[in-house]
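S.K.: First to last, the sequence lines map onto chains U and L. Sequential numbering of the first sequence, starting at 24, is according to our numbering. Sequential numbering of the second sequence, starting at 218, is according to our numbering.
The set of hints was computed from the structure by calculation and includes no laboratory data. Certain hints may be false.
Which chain L residues stay away from chain U? Per the calculated CB distances, all over 12 Å, these [claimed, not checked]:
#	residue
1	318
2	368
3	426
The calculated BS3-like cross-link candidates involving lysine-lysine, where the alpha carbons are at most 25 Å apart (straight line), are [claimed, not checked]:
#	chain 1	residue 1	chain 2	residue 2
4	L	417	L	334
5	L	426	L	441
6	L	320	U	155
7	U	30	U	290
8	L	255	L	227
9	U	211	U	54
10	U	155	L	441
11	L	334	U	155
12	U	54	L	441
13	L	320	L	334
14	L	320	L	246
15	U	155	U	135
16	L	441	U	84
17	U	193	U	229
18	L	488	U	155
19	U	193	U	294
20	U	254	U	308
21	L	457	U	84
22	L	457	U	155
23	U	155	L	417
24	U	104	U	308
25	L	488	L	457
Heads up, the beta-carbon is just placed ideally off N, CA and C, and yes, glycines get one too.
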Amino acid sequence: MEINGVKIDNTFAEAFPMKATRLIITAMTLKWAYRAANSLTGFASSVIACGCEAGIEGELKPDETPDGRPGIAIIIFAMSKSALIDQLTKRVGQSVMTTATSACFSGSHSDKMVPLGSNLRYFGDGYQISKKINGIRYWRIPVMHGEFVCEETTGVVPAIGGGNFLVYAKTSRHGLTACERAVDAIGKVNGAVTTFPGGIVGSGSKIGSKYKFMPASTNEVYCPTLKGQVKTELSENIGSVLEIVIDGLSEEAIRTAMLVGIKEVCKFGPKKGIYQISAGNYGGKLGPYHFNLRDILA
Amino acid sequence: MTALLLTLKKQPELPVDLSPLTPDKLKGKSKAQISAIKLINGKDKTPVSTLFSVSGSDTENIRIQRSCRQLTHIGEDMSFGEIQVRGDAGNYLGKHMHGGHIKVSGHSGDSTACGLKGGLIEIDGDVGDRLGANFIGELHGMSDGTVIVSGNAGHRVGERMRRGTIVVRGHVGEYCANWMLAGSIIVLGKTGNYLGNGMKRGTVILTKKPRHMIATFRHCGLLKIEFLRLFFKQMALANKEFNFFRNFGPEAIRFAGDVSCEGLGEILVLKNARISK
Numbered sequence: 024m025e026i027n028g029v030k031i032d033n034t035f036a037e038a039f040p041m042k043a044t045r046l047i048i049t050a051m052t053l054k055w056a057y058r059a060a061n062s063l064t065g066f067a068s069s070v071i072a073c074g075c076e077a078g079i080e081g082e083l084k085p086d087e088t089p090d091g092r093p094g095i096a097i098i099i100f101a102m103s104k105s106a107l108i109d110q111l112t113k114r115v116g117q118s119v120m121t122t123a124t125s126a127c128f129s130g131s132h133s134d135k136m137v138p139l140g141s142n143l144r145y146f147g148d149g150y151q152i153s154k155k156i157n158g159i160r161y162w163r164i165p166v167m168h169g170e171f172v173c174e175e176t177t178g179v180v181p182a183i184g185g186g187n188f189l190v191y192a193k194t195s196r197h198g199l200t201a202c203e204r205a206v207d208a209i210g211k212v213n214g215a216v217t218t219f220p221g222g223i224v225g226s227g228s229k230i231g232s233k234y235k236f237m238p239a240s241t242n243e244v245y246c247p248t249l250k251g252q253v254k255t256e257l258s259e260n261i262g263s264v265l266e267i268v269i270d271g272l273s274e275e276a277i278r279t280a281m282l283v284g285i286k287e288v289c290k291f292g293p294k295k296g297i298y299q300i301s302a303g304n305y306g307g308k309l310g311p312y313h314f315n316l317r318d319i320l321a
Numbered sequence: 218m219t220a221l222l223l224t225l226k227k228q229p230e231l232p233v234d235l236s237p238l239t240p241d242k243l244k245g246k247s248k249a250q251i252s253a254i255k256l257i258n259g260k261d262k263t264p265v266s267t268l269f270s271v272s273g274s275d276t277e278n279i280r281i282q283r284s285c286r287q288l289t290h291i292g293e294d295m296s297f298g299e300i301q302v303r304g305d306a307g308n309y310l311g312k313h314m315h316g317g318h319i320k321v322s323g324h325s326g327d328s329t330a331c332g333l334k335g336g337l338i339e340i341d342g343d344v345g346d347r348l349g350a351n352f353i354g355e356l357h358g359m360s361d362g363t364v365i366v367s368g369n370a371g372h373r374v375g376e377r378m379r380r381g382t383i384v385v386r387g388h389v390g391e392y393c394a395n396w397m398l399a400g401s402i403i404v405l406g407k408t409g410n411y412l413g414n415g416m417k418r419g420t421v422i423l424t425k426k427p428r429h430m431i432a433t434f435r436h437c438g439l440l441k442i443e444f445l446r447l448f449f450k451q452m453a454l455a456n457k458e459f460n461f462f463r464n465f466g467p468e469a470i471r472f473a474g475d476v477s478c479e480g481l482g483e484i485l486v487l488k489n490a491r492i493s494k
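So that you can see chain L by itself, here it is in the shape it has in the complex (with noise of 0.2 Å):
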């Protein structure tokens, strides 16, 4: 069986939910079952064989070929199998997913891994904001899961995050781990301002010391964190992409906060860590 492949063949106007596409969703269909599958586009319904020429067959590997920033809802709400997005992705990727694997070789919208439950996402590129917080009207982001960004991320990564790992090999903007409950966050490029506000726990690391600290986090000076021996070795073993995790060591500065809140969380921010990407 090969991959099922859906090559758009031109660039929608407006966007197009891509949520009914998922190996959960089309376990079972047929070439034909597939085509017909009406889409959200916009206002209208359009079906899958107007935008995408369709081949093949196995629909727990899907591959998305020439995708662009207006399919949005990729993998939502997935459970299992394996999406390869060549191109960029639209807002809300990944949004609930349970399990499996997306991987994205351009660059992904907003909540992008909103309320992720489970299972990988990587994407080559940068993000928008949101990454990994909460859907709309919800009170938690991601709760398990983990998520790489090889480029950059926006505003608000993590925001209310409960659970899971995202892990951003470039910048991150402004409130980064917003009023975050639990997880962990890894920053390998500069943070935005006001990151870790209203943090009631969960780890932030980063390899650069902020810029700016907001006041109510509290300076525990330079420590050796024992745990994090433990949690980069781990992660080096789940996920090769993590390999550069072998070359940090356990010492880091501490900032434990935000005290206007539990104040359990906090920012990690590595001593001589080496960074080969």
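With the rest of the complex left out, here is chain U (with noise of 0.2 Å):
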């Protein structure tokens, strides 16, 4: 299969069942509350030694958010409901809290809740005050900017992690026009966020390693200066893969962003350095949810 000179393989993407919850972060202006998301996505990329996965769906108009005022959707994932629980109280408390004017809020109800401002709540050191609305309780805690607004609690839903495609560029310079460009197309995708900084890995890995204490190393059949060293997935003309993670709140949030991106990859074509389009698996024994390139594309 091939689209516009972009040869797909013929493999699947394999992505594993997680945890996730999706809050709104509002402040003062627009810019303050991407200060906030940015602060809470940072160090987010993969739960291998981040603790969680987050990354900002999008952004929210005054009147789509509960106070009013501007904010960011952010979905945070995590491999359990407990780490979810941790990351959310240390995550919101240390960049959400700690950013002038912010609020925060749940962005997914479910009948699986979990604290959100119930934790958070202590550090008003007594002066706090719950105030229910609408069958919502709310935390109001007082902060030297003012007051500090978060939910009580936020919603777990089932999501998915690990969605990915790789993308084989003659040069890195390619390969990153290309993906930019596709994580545009993603990140207009409702239920979908790319967790890796820009949204794009530089440094794909595989399970294991030759040292017992590395869970995860370098996946050198992607490495372009391993060509000849090592067993190979690189033909000649590739000086570089570029790999884009998707994680999403569904299987068809996956699919739709892992369609829109490839699409919009392969518009560069040959002539712009865009060879070949690929998926990372593990033989299916990581995940039960595999996106089968051709099938997504067809």
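Starting from two chains that each stand alone, build the complex the way the hints lay out.
M.R.: See below:
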């Protein structure tokens, strides 16, 4: 299969189940909402070492947020509910509450709710106030900029992590140019986020290592500098491989995100240094969700 | 199915307890069974059919026509459905109500919404004393739900109130939020003396500075209370009656107290609140 001269490998992306929640962060201006959101989603690229994966889902207009201020929707993913609770408390406490004028609300309601403001309220040292509006409890925590308002709980929903595709390019410059466009397109898909810096992974990994203490290590078969030295997946003309990893709230969200991302990359074609699209999998051993590239693009 | 229509034949001389006539208690009952229900009328018990002409069959949607102040305990303990009262309602309207909706086109008596636990009560006219307060002998006033009064309210609005929201578009009497434990009271008109006396927690939102503030409240200054943005927007989204909240901003003068108790309650006097009734 080829699109615009770009070869599509007959393979699949392998993804695994996660737990996720969506948060709405508001602030006096969109700029400050972004500062809080960027801080919260920082160092949240992979659960391998970050404890969670998180990304910005999109901007919200004032009429779309609970308090009528500009906001940012973010999605945070973890391997278990308890890990999610731990990360929520730390990240909202240290990144959102510390951002001037910010407030934090739940963006996903389900029958499984986990603590949000109810864990952060103790920062109020007894001066915190709870308020119930239309059946939802909020915490008002007095802080130095005024008041930090936070919804008491947020809903946990089943999610999927690890949707991905690989872009084989002539050089890193060619690859990045195409991948940046793909990440922009994926950013418009509801319920899907790219959690790595700029949405692009420059150092995709394989499971395990020759060193016992390493849970993951470099994926040598995709390393251009090791061509000729190891059994490689790369042909002569490929000088860079970039990966776009997508986490989503549903299979449909990931499938849509992969589709728009790959299509965007393929628009560049071989003349602009994009040769091949593949996907990362572990032979079906890692997760139950398999996103076949050719099925998605059919 | 048409709404169950109870039209008062003649204004009774003594109070009539209407607590048996709620959607919960009338569920599954025929018109004949409803007509035979005996209501406490003074020291007597009088059948419904003697006091009201009964028509319609939808017991989840009850309409009381030609209502007067002698009809008490309307909607007591109800948990679902709707009661519309055309005319005035007596004391204890919506007492211990759990859910559902009561709408009164006229005035309502004392202890309206006392011990309210949920649901919505709307009164187009005035209400008596002890709106949303505790029922006699009980420790707590209303613990959830929403009450909207378009007219004025008497003394001791929200006394010992524990949760929920009271909105009074007119004036309130003395001892508003007396010994209030939590919850929210919004008053668009004037407030009487001793506002917030003994208040432990909770929020009173005013559009006019109180004529008299008790000495045990501390002035915190003019502040931007970010929570008010959320509160006003969510209230307006939940009920079109609260659309006027969209005109309110977050700026308010805050008074904290009552410091003679825990001192964690607050009275917020909104700055530049535009009221369009």
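S.K.: Please flag the earlier hints that this structure goes against, numbers listed from lowest up.
M.R.: none
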